[in-house]
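Chemist: What follows is the residue order along each chain.
2 protein chains.
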Amino acid sequence: MNRPVRILVVEDEEAIRTGLMDVLVFHGYVPESATTGPEGLAKALNGTFDLILLDVMLPGMDGYEICDRIRARDRKQAIIMLTAKSSDEEIVAGLKLGADDYVAKPFSIQQLVLRIEAVLRRTQAGERMARTLTLGDCEIDTENLSGRNGDESIAFTRREIEILCYLAQHADRAVSREELLSKVWGYGRDLGIETRTVDIHIAKLRQKIELDNKNPRVLLTVRGAGYRLVQAG
Amino acid sequence: MNRPVRILVVEDEEAIRTGLMDVLVFHGYVPESATTGPEGLAKALNGTFDLILLDVMLPGMDGYEICDRIRARDRKQAIIMLTAKSSDEEIVAGLKLGADDYVAKPFSIQQLVLRIEAVLRRTQAGERMARTLTLGDCEIDTENLSGRNGDESIAFTRREIEILCYLAQHADRAVSREELLSKVWGYGRDLGIETRTVDIHIAKLRQKIELDNKNPRVLLTVRGAGYRLVQAG
DNA sequence: CGGAAATTTACAAAAACCTTACACGGGATC
DNA sequence: GATCCCGTGTAAGGTTTTTGTAAATTTCCG
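Protein sequences, first through last, are from chains A and B. Take 261 as the starting number for the first sequence in my numbering and just add one per residue. Take 261 as the starting number for the second sequence in my numbering and just add one per residue.
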């Protein structure tokens with residue numbers, strides 16, 4: 261028997277909130293609710309929730325700010341934003357930077373539940389995150405920041421390991437520079453990058469883990485999209 | 261149980277408007293109405309509608325402008341324009357650039373309902389947009405901009421993927437160059453093209469996905485109309 | 001302070017994109 | 001059938017955008 265999965269719902273509209281609560285109970289979660297921004301933030305910071313569903317439009321404090329404040333305290337807190345419209349791509353991209361996912365209102369119950377499950381799966385996989393990563397011919401101990409490539413021993417920095425871990429958790433897709441800056445560096449939702457520091461770190465990582473860093477086989481560039489890690493299969 | 265499908269009707273003529281509302285209710289939609297241009301725009305931007313039916317001739321602000329403003333905010337909002345007459349081809353073409361479809365007044369109820377269903381099917385399929393496209397013998401991962409044709413791995417550019425996605429969403433018909441420039445490139449409703457860049461991109465795509473690019477079997481030319489994609493059955 | 005790590009700067013290279021120019025071919029006209 | 005016109009295919013070249021990386025600079029942390 262598993263421990264209960266606790267979910268906080270921050271939503272001011274009564275109808276939506278109670279509807280959500282019912283659906284969550286029905287699916288076996290243990291939900292709790294807040295109706296204003298400040299209340300939501302307080303509960304989020306006190307309680308320990310596996311996931312927080314956060315409306316963007318709230319009385320008292322908007323969802324973006326709450327999201328940023330929660331993240332400032334706990335980088336790993338899972339958050340799904342409920343946004344008013346599936347509005348334009350850039351805003352959606354911005355949402356994903358702070359949160360783990362977003363769902364556009366009006367949403368179908370089915371879709372929401374799928375997203376919830378996906379986020380929980382990801383974050384809980386993260387908890388029992390492998391202490392050692394295997395990439396190509398290279399074994400990496402994420403605790404000691406050290407690795408081994410055949411005979412040669414390699415030292416990594418914390419940032420490098422965090423990049424690798426994030427990429428490894430999303431190894432099925434390309435991860436954009438913005439997303440890395442947001443999730444690894446903790447930068448705010450600054451769109452429009454002007455820094456090249458991601459690229460530099462990738463270059464350093466390639467020097468360490470790639471045999472031929474002109475022809476990367478593990479840490480790939482997806483031009484126009486970002487970087488992608490190929491897991492040993 | 262599905263969520264309700266919300267439709268906004270922007271139409272000034274009382275008789276048509278109430279008639280439309282009745283028909284929509286009868287077919288199980290949840291309609292709302294506006295009678296002037298500015299009112300329609302306001303409701304469109306505030307509420308979240310699955311589809312907007314937009315008359316071209318409106319007091320206060322014409323349908324074209326409303327359409328463009330809605331699209332500026334939300335590229336994905338589904339819009340069907342109601343035009344006064346099936347007047348000349350150019351105007352009709354212009355309509356389709358901004359909107360997802362148009363229906364000429366006077367229209368038959370049956371036809372309108374069919375168009376509504378078609379647009380909804382398309383846009384809602386778009387939401388859970390296939391992450392992988394299958395074309396002929398070729399599998400394409402739209403997030404990683406990469407594909408696979410048997411053993412051979414193929415790299416696509418973002419533009420190429422966007423073109424394929426758009427064609428795939430409209431695989432039942434030929435898509436004109438103007439329409440691609442409008443929906444993929446984001447060009448305004450500039451009629452009269454002078455660029456050949458669409459053709460070039462199509463040629464590149466054919467080199468990648470067609471076995472024999474002199475005899476395309478997937479990415480077809482419809483002379484005088486544009487290009488059409490043949491989906492795998 | 002001192003040294004390692006992180007970041008910025010600057011430039012080079014590569015890829016993607018767009019325009020131009022010309023060739024080809026179907027369909028219409030004579 | 002021969003000819004012309006228009007729409008399409010595509011090679012070649014120039015322009016812009018994106019990425020790689022060396023070197024200089026700043027920040028972090030003991």
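Hints are supplied without guarantee of correctness; some may be wrong.
Identical copies carry no separate label here, and so any pair may be met within one copy or between two of them.
What the hints assert, rightly or not - Dumping the calculated BS3-like pairs for lysine-lysine here, alpha-carbon to alpha-carbon at most 25 Å: (1) Lys303 - Lys365; (2) Lys474 - Lys365; (3) Lys464 - Lys365; (4) Lys303 - Lys443; (5) Lys336 - Lys468; (6) Lys303 - Lys468; (7) Lys336 - Lys356; (8) Lys356 - Lys443; (9) Lys336 - Lys474; (10) Lys356 - Lys468; (11) Lys303 - Lys474; (12) Lys464 - Lys303; (13) Lys443 - Lys336; (14) Lys365 - Lys468; (15) Lys356 - Lys474; (16) Lys464 - Lys443.
Treat the hints as calculated values from the structure; they're not laboratory data.
Chemist: Flag every earlier hint the structure violates by its number, smallest first.
Modeler: 2, 3, 5, 6, 9, 10, 11, 12, 14, 15
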